[in-house]
Amino acid sequence: MSFVSVSNVWQKYGNRSILERVNVEIDEGEFISIVGASGCGKSTFLRMLLAQERPHKGEISIDGGVTAKEPNRERGVVFQKYSVFPHLSVRENLIAAESFDTAFGRLSGEKRKTAAERADAMLERIGLNHVADQYPASLSGGMQQRLAIGQAMTAKPRILLLDEPFGALDPGTRLQMHDFLLELRDETNMTVFMVTHDLQEGFKLGDRVLVFDKPRWDPHDPGMYGATITYDFDARDGGIPFQLKEDADVSA
Amino acid sequence: MRLINHIPGKPLAVLLAALPFIALFAAYSIGSDIRLDANPQDKLLPAPSTIAETAQRLFTEPDRRSKEILLWNDTFASLARLLGGVGISALLSLLIGLAIGLLPYARSAMSSFIAVVSMVPPLALLPILFIVFGLGETSKVVLIVIGITPFMTRDLAQRVLEIPQEQIVKAQTLGASSAVIALRVALPQVLPRLISNVRLSLGSAWLFLIAAEAVASNVGLGYRIFLVRRYLAMDVILTYVIWITFLAFLIDWLLKTLSRKAFPWMEAGL
Numbered sequence: 001m002s003f004v005s006v007s008n009v010w011q012k013y014g015n016r017s018i019l020e021r022v023n024v025e026i027d028e029g030e031f032i033s034i035v036g037a038s039g040c041g042k043s044t045f046l047r048m049l050l051a052q053e054r055p056h057k058g059e060i061s062i063d064g065g066v067t068a069k070e071p072n073r074e075r076g077v078v079f080q081k082y083s084v085f086p087h088l089s090v091r092e093n094l095i096a097a098e099s100f101d102t103a104f105g106r107l108s109g110e111k112r113k114t115a116a117e118r119a120d121a122m123l124e125r126i127g128l129n130h131v132a133d134q135y136p137a138s139l140s141g142g143m144q145q146r147l148a149i150g151q152a153m154t155a156k157p158r159i160l161l162l163d164e165p166f167g168a169l170d171p172g173t174r175l176q177m178h179d180f181l182l183e184l185r186d187e188t189n190m191t192v193f194m195v196t197h198d199l200q201e202g203f204k205l206g207d208r209v210l211v212f213d214k215p216r217w218d219p220h221d222p223g224m225y226g227a228t229i230t231y232d233f234d235a236r237d238g239g240i241p242f243q244l245k246e247d248a249d250v251s252a
Numbered sequence: 001m002r003l004i005n006h007i008p009g010k011p012l013a014v015l016l017a018a019l020p021f022i023a024l025f026a027a028y029s030i031g032s033d034i035r036l037d038a039n040p041q042d043k044l045l046p047a048p049s050t051i052a053e054t055a056q057r058l059f060t061e062p063d064r065r066s067k068e069i070l071l072w073n074d075t076f077a078s079l080a081r082l083l084g085g086v087g088i089s090a091l092l093s094l095l096i097g098l099a100i101g102l103l104p105y106a107r108s109a110m111s112s113f114i115a116v117v118s119m120v121p122p123l124a125l126l127p128i129l130f131i132v133f134g135l136g137e138t139s140k141v142v143l144i145v146i147g148i149t150p151f152m153t154r155d156l157a158q159r160v161l162e163i164p165q166e167q168i169v170k171a172q173t174l175g176a177s178s179a180v181i182a183l184r185v186a187l188p189q190v191l192p193r194l195i196s197n198v199r200l201s202l203g204s205a206w207l208f209l210i211a212a213e214a215v216a217s218n219v220g221l222g223y224r225i226f227l228v229r230r231y232l233a234m235d236v237i238l239t240y241v242i243w244i245t246f247l248a249f250l251i252d253w254l255l256k257t258l259s260r261k262a263f264p265w266m267e268a269g270l
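These protein sequence lines map, in sequence, to chains E and R.
Under UniProt numbering, think of the first position of the first sequence as 1, with each following residue one higher.
Under UniProt numbering, think of the first position of the second sequence as 1, with each following residue one higher.
By construction, these hints were calculated from the structure, which means they are not laboratory data.
Just so you know, these numbers come straight off a predicted model, no measurement behind them.
Possibly wrong hints are sitting among the right ones.
Covered stretches of chain R, going by a simulated chain E footprint (3 or more residues, C-beta under 8 angstroms) [what the hints assert, rightly or not]:
1. 19 to 33
2. 158 to 167
3. 252 to 265
Not the full set, but computed from the structure, chain E residues with beta-carbon under 10 angstroms of chain R [as the list claims (entries may be wrong)]:
4. Arg47
5. Gln52
6. Arg73
7. His87
Backbone N, C-alpha and C define an ideal beta-carbon position, used for all residues, glycine too.
Chain R extracted, bound-state conformation (with noise of 0.2 angstroms):
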C-alpha cells in the first residue's frame, strides 16, 4: 500500500501528536544533565526542576521592593498592547476591507497604496514610531498595528470580491442600499475571515510586542525577558517563553472556538 494511504489509528495518532513535545524534552534534560554533570553551576541549561522551582516563585511570589508579582504585572500589562494593537488592526481592516471590496472608489484610491504600504518592514519603522509617540504605551501599539493590519487589509478586500457577484445583484434586486449590502451580506461573510486572520497574525503581533518592549520599556514579558537576559538568568526566561506561547495558544483556541460558535452557517455544508 501507498505511503499517503496509511492512516494511524486513534491511539496512534494521540501518541504521535506527543511524541515531538516528548522528543524535545527528553533532549533537553539530557543537554541539561551533561552540562551540570560537567559543572553544578552552569546557568546555560538549568535543570527542568529548577525551572518549575523558579516558575512557582515568579507566579506566586511578590517582588520584595514593590510588593507586587511582577509576572502577573507583565502579563497584564503586554496583554493590554497586543489586544489592544490587534483589535485595532481588525476594526480598520474590516472598514477598509469592505470599502476597497465594495466600492469601485475606494478599490481605485486604496489597494495600490495599501499593497505598497504592506511591503514597509515595520521594525525599520520603531525608531520613528518612538520619537513621534514617544517611549509610553501608544508606540507600542502602533507598531503592531502598522505591523499586520495592511496584511489583513489586503486579505479581507479579496474576501469581499469574491462573494459571488450573483449575491451582490440579488440584494440589489430586493432593494438593499450599499449600507445594508455592506452590514448584511459582506460584513457577516468576511467576519468568519477576519477571525482567522488575527488569528494568524496573532504571530507577528507578538513578535512586534515583544521587539517594542525590548527596546524601550519598563513592564511587559519582552521587557523582562531582555532585562534578566543580563544575569543569564535562563530559568527566567524560559519560564517566561513557556508562558507566553501559552497564552498565545490560549487566544488562539478562544478565537477559534468563538469563530465555530458564531457562524454556524459555515459548517452548514460540512
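In isolation and in its complexed conformation, chain E is listed as follows (with noise of 0.2 angstroms):
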C-alpha cells in the first residue's frame, strides 16, 4: 500500500470542472514535482492535499487514513509568500511550530525552554542563528523562505507541500534554496509535494515529475472539462519518462 494514494478525484467550483479524475500513488519519502500551464489545477491539487478544499468527488489518503476536512498537523505547508508570521520573532516563529498544538497556543518554563533549544538548533541547520531575535520582515526573501520552511518542518507532518516556494525569488538565491532543500531532504526522508513553474527545477529537485494538462477540451466551453496528471515521469537518474499515459483512456 502507497504512503499518499489520491484516487478518482475530482474538482469543479459551480459549473467549472478544474480537476477530473486524479490517481496517483506516491511512496513515503518520495519528491514530487507538480508542473503545469497557469490555470490547470496544480495549484488545486496542492491545496487539496492541503485539505483546504474538500474535492468534489474521491478520497485522498495519507498513510491509509480517510480524507481531510480540514488542515492538520500532518500536513506542513510553504507558500510562496506569507507563510511566516510577521508580528513574531524569527526564534518564536518556530517555537510557535510546537506551543500552536497546545490549549492557548503558548508553552511556559521547562517546556519552552527545550522548544526554545530545539528552535535553536533548528536555526543553526537553516542558517538563520545570527537573526533569532529579528522580525521576518527585516530579512531577504530566501531567508523568509528558510524560515518557513524550518517551520513547517519543526511541526513534523506528514508530507511537505511547497506552493511555487522559490518563485518570488532571484535567480541565485534560488541555486541556493535548490541545494538547502536537496540536504534536508537528505536528512530527512520527508514525503514533499512541490508545484512550481519552473520545468527545470522540478526536474532537478523531484524524483517524479507529475504534469497537469486538459486531455479533452471544448472549444465553445472551456470550463467544461477539467485537467489530470498527463504525463508521470521518473526524474531520477537524469530524467528518463517511464510512464507515457495512455491517450487512449483520456481522450475517449
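Join the two chains, each given in its own frame, into one complex according to the hints.
In C-alpha cells, the structure reads:
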C-alpha cells in the first residue's frame, strides 16, 4: 500500500471543472514535482492535498487515513509568501510550530525552554541563528523562505507541501535554496509535493514529475472538462520517462 | 524644478510648522486689540493677557463656595467618562471584529447589522439614552460607545479579513485551534490597528462627550463651557477649549508612543 493515495479525485467550482479523474500513488519519502500551464489545476491539487479544499468527488488518503476535512499537523506547507508570522521574531516563529498545538497557543517553563533549544538547533541548521531575534520583515526573501521551511519541518508533518516556494526569489538565491532543500531532504527522507512553474527546477529536485493538463478540450465551453495528470516522469537518473499515460483512456 | 520636488530644509520646516500657530495668534491679538480699543469692556475677544490671568486663576484658585478647584473636577469627570466610553468601545470592537473577521457564522449574522447600526446618527439617540439610562454617568458613556463602536468594529473586522489566508492555513497546519488562531495570529496583528482606531475616534468621542455634558450634567469640561456661555465669559471658554485641545493632543501622543513601543515588528520592514 502506498503512503499517499489519490483515487479518482474530481474538483469543480460551480459549473467549471478544474480537475477530473486524478489518480496517483506516492511512496513514503518521494519528492514529487508538479508542473503544468497556468490555470491547469496544479495549485488546486495542492490545496486539496493540504485539505484547504475538499474534493468534489474521490478520496485523498495519507497512510491509509480518510480524506481530511481541514488542514492539520499531518501536512506542512510553505507558500510563495506570507508563510511566516510577521509579528513573531524568527525564533518565536519556530517555537510557534510547537506551541500552537496547545490550548492557549503558549508554552511555559521547562517546555518552553526545551522548545527554544530545539528552535535554536533548527536555526543553526537553516543558517538563521544570527537573526534569531529579528522580525521576518527585516529578512531577505530567501531567508524568509528558509524560515518558513524550518517552521513547517519543526511541526514534523507527514507530508510537506510547497506552493511555488522559490517563485519570488532571484535566480542566485533560488539555486542556494535548491541545495538547501536537497540537503534537508537527504537528512529527513520527508515526502514532499512541490508545485513549480520552472520545469528545470521540477526535474532537478523531484524524484517524479507530474504534469497536469487538459486531455479534453471543448472550444465552445472551456470550463467543460477539467485537467488531470497527463504525464508521470521518473526524474531520477537524468529523468528518463518511465510511464506515458495512454492517450486512449482520456481522449475517449 | 517642479513644485513637488522642492523639499524644505530642517530649520525651514520647523519655521513652517510654527507659522500657522503664529499667524492665528497674531490675527486673534490684532482683532482683540481693535475691539478693546473701541470698547474696553468688550467681552467677545479678551486680550491674550486676560486669558492667561483667567487660566492661572482657574487652575489654582478653589471655588469660594465648594472650596474645590472646579477645572480639575471638570477634567477628572470628563476624562473618566471619555476613557470609560472609549475603553468599552475598544474592547467591544475588538471582540466583535475578531468574531466577524474569523468566523463565517458570525460574519453572516453580524456584518450587515453593524453596517446599518453605524449609519444611525448617535446624537439623535441622546434623548432616548437620557430617558433609558437617566441623566447620570451611564448615558454619557453609552453615547460615546454607540457613537464610535460600529465604525471601529467594521474597520477591525476588515483588518482581520485582510490577514493573508496563507497565515491562517499555516497556523492550522501547525495544529492551532480557532481560539489559538484568534489569540496568537489575529489579535496581535490587529492590536496596532485598534490603537490607531482609538486615535481616530477620539475626536468623535470628545464631540459626543461635550454634547452630552452640555445637555445634562453638573460637572465636566463641556458642562462648564456651556454654563459660562450664559455670562459671555469668553476668557473661561477659551481657557477650557485650549485645555481640551491639549488633553486630546496628549492622549493622542501617548497612544502613538505606546503603539511604537509595543509593536516593534510593525517597523521591522522599514
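Hint check results:
| no. | hint | in the structure |
| --- | --- | --- |
| 1 | 19 to 33 | violated (count 0) |
| 2 | 158 to 167 | holds (count 3) |
| 3 | 252 to 265 | holds (count 3) |
| 4 | Arg47 | holds (9 angstroms) |
| 5 | Gln52 | holds (5 angstroms) |
| 6 | Arg73 | holds (4 angstroms) |
| 7 | His87 | holds (4 angstroms) |
Of the numbered hints listed earlier, the single one contradicted by the structure is hint 1.
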